[in-house]
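Chain order of the listed sequences is A and P. Note that our numbering gives residue 6 to position 6 of the first sequence, counting from 1, and the numbers run on in steps of one. Note that our numbering gives residue 312 to position 312 of the second sequence, counting from 1, and the numbers run on in steps of one.
To be clear, the hints were calculated from the coordinates, so they are not data collected in a lab. Wrong hints could be hidden among the right ones.
Because identical chains share one entry, a pair is satisfied inside a single copy or across any pair of copies.
Keeping only pairs whose Cα atoms sit at most 25 Å apart, straight-line, the calculated DSS-like set for lysine-lysine is [said to hold, decoys possible]:
(1) K55 <-> K27
(2) K209 <-> K220
(3) K129 <-> K55
(4) K191 <-> K209
(5) K209 <-> K27
It should be emphasised that the depicted structure is a prediction, and the values quoted were computed from it without experimental measurement.
There are 2 protein chains.
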Amino acid sequence: MALIVQKYGGTSVGSFDRIRNVAQRVKALVVDGNQVAVVVSAMGGVTDQLLAMAKQVSSNPPEREMDVLLSTGEQQSISLVTMALLELGVPTVSLTGSQAGLHTSGTHTRARIDNIDATITNKYLEEGKVVIVAGFQGVNEEGLIQTLGRGGSDLSAIAVAASVHADVCQILTDVDGVYTADPRVVKDARKLPEISYDELLELASVGTKVMQSRSVEFAKKYGVKFEVRSSLNNNPGTIVTEEHDSMESVVIRGVSIERSQARVTIIGIPDEPGMSARILGALAEAEINIDMIVSNIAHDGFARHSFTMHTNDLGRAQAALKPVLADLGPTAQIESEAGIGKLSVVGIGMRSHSGVAAQMFTALGAAGINIGMITTSEIKISVTVDEVQIEDAARVVHTAFNLDRPPA
Amino acid sequence: MALIVQKYGGTSVGSFDRIRNVAQRVKALVVDGNQVAVVVSAMGGVTDQLLAMAKQVSSNPPEREMDVLLSTGEQQSISLVTMALLELGVPTVSLTGSQAGLHTSGTHTRARIDNIDATITNKYLEEGKVVIVAGFQGVNEEGLIQTLGRGGSDLSAIAVAASVHADVCQILTDVDGVYTADPRVVKDARKLPEISYDELLELASVGTKVMQSRSVEFAKKYGVKFEVRSSLNNNPGTIVTEEHDSMESVVIRGVSIERSQARVTIIGIPDEPGMSARILGALAEAEINIDMIVSNIAHDGFARHSFTMHTNDLGRAQAALKPVLADLGPTAQIESEAGIGKLSVVGIGMRSHSGVAAQMFTALGAAGINIGMITTSEIKISVTVDEVQIEDAARVVHTAFNLDRPPA
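Build out the structure end to end from the sequences listed, making use of the hints.
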């Protein structure tokens, strides 16, 4: 017998049929003798409907009241999932975020979880009941309802799992797990049996869409091991956990790509203090998210800065930089290029293995793929390539690091 | 400056336009310098939608979870009304029943209000904010959401008014107030400026649909004076209050009618103890609501019982009485009649005025209207007449008691 926390997202409870399906899945766990707590999101589409309602009466819906409104979505789904389980004869109770003791603070619509008082959840679990908890919501010190923002239900599930000391926390979603690469791009991509928090965080930061980083960070902070798996079948998914020694034997855990990147380079910048701040400040003021940053001094003694961003931001970036360029002096010029892709490899094995970058660049070079910018972190290497070559690049690197074969 | 509690029902907040209209009305009170708390129902139709959702996943929706589901309707409307007021620049906050300290007990889906802790409501009012409270819902000792059943939002409003010691409690609805008779039946019916709790309770019990009796009883218990008025105009409505001396100068406050009544009479009942219990017990077991009961001993020494019920129940009543009749012995026979109307007059003035019944019967007799059964209470007289004459009967009695003219 295990204490299992599951989380079902909006798609998984997006229709009455799917709600009945979730109830069947939960019942199967109970029949097997497990204690189960389930965190659910609002039914798919409901949150958008509620947002549309708010727009009908408010040009700029106030956040405190948005939380009151949005939290009804999860409140409806917990009652419906509970009813579906009771219909199957499984003793079940629903709990709102507030009732489940999920205490939050910070800004409405994007609050953070401070702590969970699991007294009531534990009481019901000990009574042999399944507990259905509303995700995405909690209550602050003043007793006000707060929602957690994007990925909030995952966060709720991790927090509930931590608070009840669950044996297993399963994030049930519409993907099967975490793959060595996007299977739509790399045909022989493999589902990973496990991955460390840090690797998943790095992969998420470079385009792999599995979970919001904040939920992974929260799990890491509280040491909650969780599994990402499909709500549509019973296949094992990917365990996300603390790194351990045997993980380091694999050099690269996965490959991730981002498309539609653009590069801006400013050349001929006088090599004086404050120039970078001037440039990046103008971009920040224009609320342009820049990604990779590469700076160096060219042979002519002037500095050059290159940075990448999403292609959609390129026009605004050029506009924002125009006045800055004049300030930098007559030598400064701006160059830009769209149609860039970014390829990243991630793995904690990089810490103990040398030559990873060389191996990657060699493989790309042998395939005739030119590398533009390069950035690295302790467990990640990212390069830009021509966007038309990004899928080839992913496949070449995937094979070069033997990701198509299970580790020995 | 006054402290005003208003209640708007589902129709009054039934569309985004109406929500904006409510916001304008509340703003006008604030501009006039009043403190305002507003109790709102779910948007019209929403409760039915939620019920339909529950039916999709449950053949017999459990009441605890129905409360979790249904309470989202009011939670949505408080947030939307609050947003609409903020949009008009009026500082406003929403409170769920739980946040407003509305403590309940008893059965889910029809809980009772035990008490209200108005601390938070008072705090916001003192800060100069309008407070929008979710009607129909509260929280029990265990922290579970409970709903109050039919008329629950009126009850919430009366309770909030009591707890904050409001100067005025206005129940805004789709009728203008309480009338001396149904204006669709009696053309010269007048809107009453005031009525006592007991009179409204008696009128409600005999067919006048203004408010659920439990809300009036609650108001009476806690001495909350309230006004029933229209949400569509600014006309004064009817004040419902403790009775006071000048009220007794009016003999009859109002006239009410009920249609589609049926009568069952059992004759030839042996005059022995337990016979009535036998008959009424059989009807109670069949869940038939009986209304008027008249019993007496006929000249032949046998007892006879007559009772009225809704016509829809007549068939079931006859079926339920069939086995009883056999038990009562060979003399017992059953007679029944449908197509009956019931006319009632109500007024606390009856206590101090004699001859009211005679005056009523004389007027009906002069109009050629035959009277069937008669029952009386301290402040009410009810008679049955042929249903085709019920409207005439109402007009005749209305005129006989000068209800078409304002009291001197």
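Copy assignment of K55 with K27, given that the CA separation must stay at most 25 Å: Answer is between: at 20 Å across copies they meet the 25 Å cutoff, but 39 Å inside does not.
Alpha-carbon proximity context of K129 and K55, limit 25 Å: between (39 Å within a copy, 22 Å between copies)
Within, between, both or neither, where K209 and K220 count as close if Cα-Cα is 25 Å or less: Classified as within: same-chain Cα gap 18 Å, cross-chain 61 Å, threshold 25 Å.
Within, between, both or neither: K191, K209 at alpha-carbon 25 Å: For K191 and K209, only the intra-copy Cα distance (14 Å) is at most 25 Å; the inter-copy one is 66 Å.
K209 and K27: within-copy, between-copy, both or neither at 25 Å Cα: neither (30 Å within a copy, 47 Å between copies)
When each numbered hint is compared with the structure, a violation occurs for hint 5 only.
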